[in-house]
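Build the full structure now, drawing on both the sequences and the hints.
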Amino acid sequence: MKLTKVVQFAKNSLTELLKSKILKSSFFVIISKILASLFNLVFMIYSVNILSKSENGVFQYYLGFIPVILSIAEFGLSSALIKFLSPVVDNQKDIGIVLSSSLIVKFCSFLFLVFSGLGMFLLFNEDPLAIFILVVGGISMSFITFSESIFVSFRAYYSLALWTPLTNLIRLAVLYVSDKYSNFPLNHLDILSIFAISPLFIYILFFFIFKRQTLCWNAKFSEIKQEIKRLALFNFWAFVASIFAIISDRLEIFFIKKYHSTEQVAIYGTALQLFSGFVIILSTLNSIIFPGLSRLVNSPEFKKFLLKAVLFSMVVALALSPGYFLSETILNFLFNEKYSESIPVFKILYPNYLLQLVFAPLGIALFAMGKPKILAILAFLRFLFGLILDNLLIPDFGVMGAGVSFFLGQVISWLILGGYFWAIFWK
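The numbering used here puts the first residue of the sequence shown at 1, with every later residue one more than the last.
Please keep in mind that the hints were generated in silico from the structure rather than gathered at the bench.
Misleading hints may appear alongside valid ones.
[As the list claims (entries may be wrong)] Simulated pairs of lysine-lysine, DSS-like, Cα-Cα distance not exceeding 27 Å:
#, residue 1, residue 2
1, LYS106, LYS371
2, LYS229, LYS373
3, LYS373, LYS304
4, LYS106, LYS225
5, LYS220, LYS93
6, LYS258, LYS53
Next comes the structure, spelled out in structure tokens:
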């Protein structure tokens with residue numbers, strides 16, 4: 001009986017979804033995210049074709065640090081900003097409190113990032129120039145995500161649509177000019193610098209694209225102090241969840257480098273980079289779903305809105321499923337059969353990313369409900385299982401073992417996440 005009700009509810013929700021504002025408001029954002037994804041994909045293909053396999057392996061290795069570095073620089077602020085700014089966008093005073101407090105939290109995260117970079121150099125003997133590039137790049141890219149969170153909070157989707165592709169467009173333009181007019185071939189550090197630091201060039205455009213008169217950066221010190229406490233508590237668990245999730249996503253690269261050659265890192269990393277489009281889609285879902293869930297979290301409409309979001313994600317995943325069968329054609333075309341070894345890895349990873357799309361709204365819902373601690377626990381479980389599976393599979397099975405480990409490491413967290421919401425909504 002309960003199952004029949006759930007199916008009927010799903011049918012009604014899907015019908016309403018097709019008529020709802022979710023699709024209408026997301027149209028321009030989706031187009032801009034597609035453009036951003038396309039520019040990023042062209043950048044990666046261009047880079048991979050410039051570099052040798054060995055150089056590409058080193059590039060992919062350092063590229064794996066960027067999401068971790070960015071997570072430290074953000075310190076969970078992107079999610080917290082949307083969570084706390086979305087409900088108060090009509091109140092100038094509250095806007096000032098949230099934004100002023102956010103800047104102080106961001107400054108503290110920058111200091112922590114600098115000391116983290118110093119620790120990497122002293123403890124792991126990494127290339128100091130690469131560490132400098134990563135730290136500066138993390139700081140520069142964190143302002144891009146900070147700005148995007150402001151657009152999302154104010155539901156300024158037209159402005160967001162203009163803003164989103166700019167970062168990857170400027171990266172691609174700088175890479176092209178550098179490759180064409182440089183007297184020396186570009187190496188992995190050159191391309192890493194272009195990827196990490198190019199976003200610096202577009203900051204000034206934010207104040208032309210966004211209606212800056214709606215913002216307020218001033219507040220009383222006592223109010224800022226109180227808000228920092230609230231942000232810090234939420235941010236801490238959001239940061240922990242983000243760190244474990246991002247490290248889990250890149251864990252296989254580090255173990256492949258430990259047990260195998262840099263060429264094997266290049267094979268796995270190249271396959272992984274082709275999923276940047278899925279990352280863009282996940283970001284789009286967050287941009288559209290998170291503000292709505294944050295506003296409805298204490299409303300009876302919350303469950304209905306969440307189910308619509310899950311159904312929408314399922315539709316997107318089904319629409320993208322044919323990509324699995326086109327993988328061989330796509331990879332051979334993009335890389336002139338230079339990375340044909342990446343095809344089996346790509347096929348293992350593809351279903352994983354489809355499932356990530358399906359479960360993404362549930363993770364977003366936990367943030368909206370103010371429960372990032374649960375996400376942190378799930379991310380830790382994912383990290384723990386990934387750690388165990390990587391050490392079991394990668395030494396003997398190489399990149400194929402890495403792909404299987406990446407897939408299986410997330411299954412437990414998905415089951416727990418799905419079971420949690422089933423228990424809440426359908427007792």
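Do the hints match the structure? See the list:
{"no.": "1", "hint": "LYS106 to LYS371", "in the structure": "21 Å, holds"}
{"no.": "2", "hint": "LYS229 to LYS373", "in the structure": "16 Å, holds"}
{"no.": "3", "hint": "LYS373 to LYS304", "in the structure": "24 Å, holds"}
{"no.": "4", "hint": "LYS106 to LYS225", "in the structure": "14 Å, holds"}
{"no.": "5", "hint": "LYS220 to LYS93", "in the structure": "10 Å, holds"}
{"no.": "6", "hint": "LYS258 to LYS53", "in the structure": "17 Å, holds"}
This entry satisfies every hint, going by the numbered hints stated previously.
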